[in-house]
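Peer 1: The residues making up each chain are set out below.
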Amino acid sequence: MVPSKLVTIVAEPVLEEQLVSELHQLGARGHTVVPSRGAGSRGMRATDPPGDGVRIEVVVSDVVADRLLDHVATRYFPHYAVIAFVSDVQVVRGEKYV
Amino acid sequence: MVPSKLVTIVAEPVLEEQLVSELHQLGARGHTVVPSRGAGSRGMRATDPPGDGVRIEVVVSDVVADRLLDHVATRYFPHYAVIAFVSDVQVVRGEKYV
Amino acid sequence: MVPSKLVTIVAEPVLEEQLVSELHQLGARGHTVVPSRGAGSRGMRATDPPGDGVRIEVVVSDVVADRLLDHVATRYFPHYAVIAFVSDVQVVRGEKYV
Numbered sequence: 001m002v003p004s005k006l007v008t009i010v011a012e013p014v015l016e017e018q019l020v021s022e023l024h025q026l027g028a029r030g031h032t033v034v035p036s037r038g039a040g041s042r043g044m045r046a047t048d049p050p051g052d053g054v055r056i057e058v059v060v061s062d063v064v065a066d067r068l069l070d071h072v073a074t075r076y077f078p079h080y081a082v083i084a085f086v087s088d089v090q091v092v093r094g095e096k097y098v
Numbered sequence: 101m102v103p104s105k106l107v108t109i110v111a112e113p114v115l116e117e118q119l120v121s122e123l124h125q126l127g128a129r130g131h132t133v134v135p136s137r138g139a140g141s142r143g144m145r146a147t148d149p150p151g152d153g154v155r156i157e158v159v160v161s162d163v164v165a166d167r168l169l170d171h172v173a174t175r176y177f178p179h180y181a182v183i184a185f186v187s188d189v190q191v192v193r194g195e196k197y198v
Numbered sequence: 201m202v203p204s205k206l207v208t209i210v211a212e213p214v215l216e217e218q219l220v221s222e223l224h225q226l227g228a229r230g231h232t233v234v235p236s237r238g239a240g241s242r243g244m245r246a247t248d249p250p251g252d253g254v255r256i257e258v259v260v261s262d263v264v265a266d267r268l269l270d271h272v273a274t275r276y277f278p279h280y281a282v283i284a285f286v287s288d289v290q291v292v293r294g295e296k297y298v
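Residue numbers (the working numbering), protein chains in the order written: chain A, 1 to 98; chain B, 101 to 198; chain C, 201 to 298.
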């Protein structure tokens with residue numbers, strides 16, 4: 001088991017391709033995308049109608065997590081209703097893959 | 101980065117609109133809903149066929165998390181196969197939004 | 201609130217039925233499945249096209265979590281692009297269900 005960070009980013013679907021590409025460029029080696037719907041607090045009012053979104057997850061090292069979150073905050077937060085959070089996870093590694 | 105709580109609630113789709121409305125009334129300022137399927141342990145047997153569900157996430161303060169979970173336990177657990185859990189997350193805030 | 205483990209497994213859709221059945225046999229009493237898409241690092245190159253997947257979640261005790269993760273690592277990692285990770289969660293229990 002390897003201590004890692006689970007970074008979750010919720011964004012508009014139009015941003016998915018660009019975001020995923022940037023996450024890989026910045027060090028993520030895999031990602032999972034799940035279509036979602038919802039309403040965010042960032043630049044939205046609670047009374048705004050819910051919209052479609054994508055929930056993107058990556059499991060990365062502490063260093064890469066910081067890099068990804070800095071990138072998202074700097075490049076997306078000023079312009080888009082993106083939400084990003086991180087939590088601690090333990091990742092299972094098979095012996096062949098350690 | 102702001103220490104926060106990620107509250108996850110899995111419920112029947114028919115409850116989504118009401119639950120989301122109540123979560124916002126109780127202090128959530130955003131939410132993410134993902135359609136799911138599965139089988140729960142609450143009031144169900146492992147042999148029951150899996151059913152459709154919704155997986156609702158909100159990122160909130162400790163105080164709001166407690167309020168939401170109390171509400172769900174009190175209002176939904178006696179009558180519905182709802183599952184709710186909470187974990188610690190760090191939420192990224194852009195400078196403009198701190 | 202009961203301290204528990206949230207086990208997340210991301211796998212190819214063809215493995216869903218078998219994996220879910222095995223998770224229940226090994227002690228999980230409920231599960232949530234969400235269709236996903238993505239690219240994994242396990243046996244894949246970052247340039248591989250993203251594929252469909254399933255994101256399977258179970259909330260279980262520490263003991264059952266270890267059992268599930270051992271099983272997945274032993275049985276699936278050598279042959280499939282499966283990712284598995286675990287995090288700490290607090291599960292809400294209604295009084296009737298403690």
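Rather than coming from a laboratory, the hints here were simulated on the basis of the structure. Hints are supplied without guarantee of correctness; some may be wrong.
Said to hold, decoys possible - On the chain C side, residues computed to face chain A include the following (Cβ under 10 angstroms):
| id | residue |
| --- | --- |
| 1 | Val202 |
| 2 | Pro203 |
| 3 | Pro213 |
| 4 | Pro235 |
| 5 | Ser236 |
| 6 | Gly253 |
| 7 | Val272 |
| 8 | Val286 |
| 9 | Ser287 |
| 10 | Gln290 |
As the list claims (entries may be wrong) - Not close to chain A: a few residues of chain C, all C-beta gaps over 10 angstroms, as computed:
| id | residue |
| --- | --- |
| 11 | Glu222 |
| 12 | Arg229 |
| 13 | Arg237 |
| 14 | Leu269 |
| 15 | Ile283 |
| 16 | Asp288 |
As the list claims (entries may be wrong) - Label pairs and their computed distance ranges (CB to CB):
| id | chain 1 | residue 1 | chain 2 | residue 2 | range |
| --- | --- | --- | --- | --- | --- |
| 17 | C | Asp266 | A | Val14 | 37 to 47 angstroms |
| 18 | B | Pro103 | A | Leu26 | 18 to 28 angstroms |
| 19 | A | Asp66 | B | Gln118 | 13 to 23 angstroms |
| 20 | C | Pro235 | A | His79 | 21 to 31 angstroms |
| 21 | B | His171 | C | Thr274 | 20 to 30 angstroms |
| 22 | B | Leu126 | A | Met1 | 27 to 37 angstroms |
| 23 | A | Val63 | C | Asp288 | 17 to 27 angstroms |
| 24 | C | His279 | A | Met1 | 33 to 43 angstroms |
| 25 | A | Pro3 | B | Pro113 | 14 to 24 angstroms |
| 26 | A | Glu22 | B | His179 | 39 to 49 angstroms |
Every value quoted in this text rests on a predicted model; they were computed, and no experiment measured them. In this text, a Cβ means the ideal position worked out from N, Cα and C, and glycines have one as well.
Peer 1: May I ask you to test the interface hint for C/Val286 with respect to chain A, counting a Cβ-Cβ separation under 10 angstroms as satisfied?
Peer 2: holds, 5 angstroms
Peer 1: Please check whether C/Pro213 passes as an interface residue: C-beta within 10 angstroms of a C-beta belonging to chain A.
Peer 2: violated, 13 angstroms
Peer 1: Once the shortest beta carbon distance from C/Val202 to chain A is found, is it less than 10 angstroms?
Peer 2: Because about 19 angstroms separates C/Val202 from the closest Cβ in chain A, which is outside the 10 angstroms limit, the hint is violated.
Peer 1: Taking 39 to 49 angstroms as the stated bounds, is the beta-carbon spacing between A/Glu22 and B/His179 within them?
Peer 2: holds, 45 angstroms
Peer 1: Next item in the hint list is C/Pro203. Is there a CB on chain A closer than 10 angstroms to its CB?
Peer 2: Since chain A brings no Cβ nearer than about 14 angstroms to C/Pro203, farther than 10 angstroms, the hint is violated.
Peer 1: For C/Asp288, is the shortest CB-to-CB distance to chain A above 10 angstroms, so the non-interface label stands?
Peer 2: violated, 8 angstroms
Peer 1: Range hint 37 to 47 angstroms: satisfied by the CB atoms of C/Asp266 and A/Val14?
Peer 2: holds, 41 angstroms
Peer 1: Is the interface hint satisfied for C/Ser236? The criterion is a beta-carbon contact with chain A at less than 10 angstroms.
Peer 2: holds, 5 angstroms
Peer 1: Is it true that B/Leu126 and A/Met1 lie within 27 to 37 angstroms of each other by Cβ?
Peer 2: Given about 36 angstroms between the Cβ atoms, the range holds.
Peer 1: Against chain A, does C/Arg237 keep a CB gap of more than 10 angstroms to every residue?
Peer 2: It is violated; C/Arg237 is separated from chain A by about 5 angstroms at its closest Cβ, not greater than 10 angstroms.
Peer 1: Closest CB-CB distance from C/Ile283 to chain A, is it above 10 angstroms?
Peer 2: violated, 7 angstroms
Peer 1: Should the hint that A/Val63 and C/Asp288 are 17 to 27 angstroms apart at their CB atoms be regarded as holding?
Peer 2: holds, 22 angstroms
In this structure, the hints that do not hold are numbers 1, 2, 3, 10, 13, 14, 15, 16, 19, 21, 24 and 25, in rising order.
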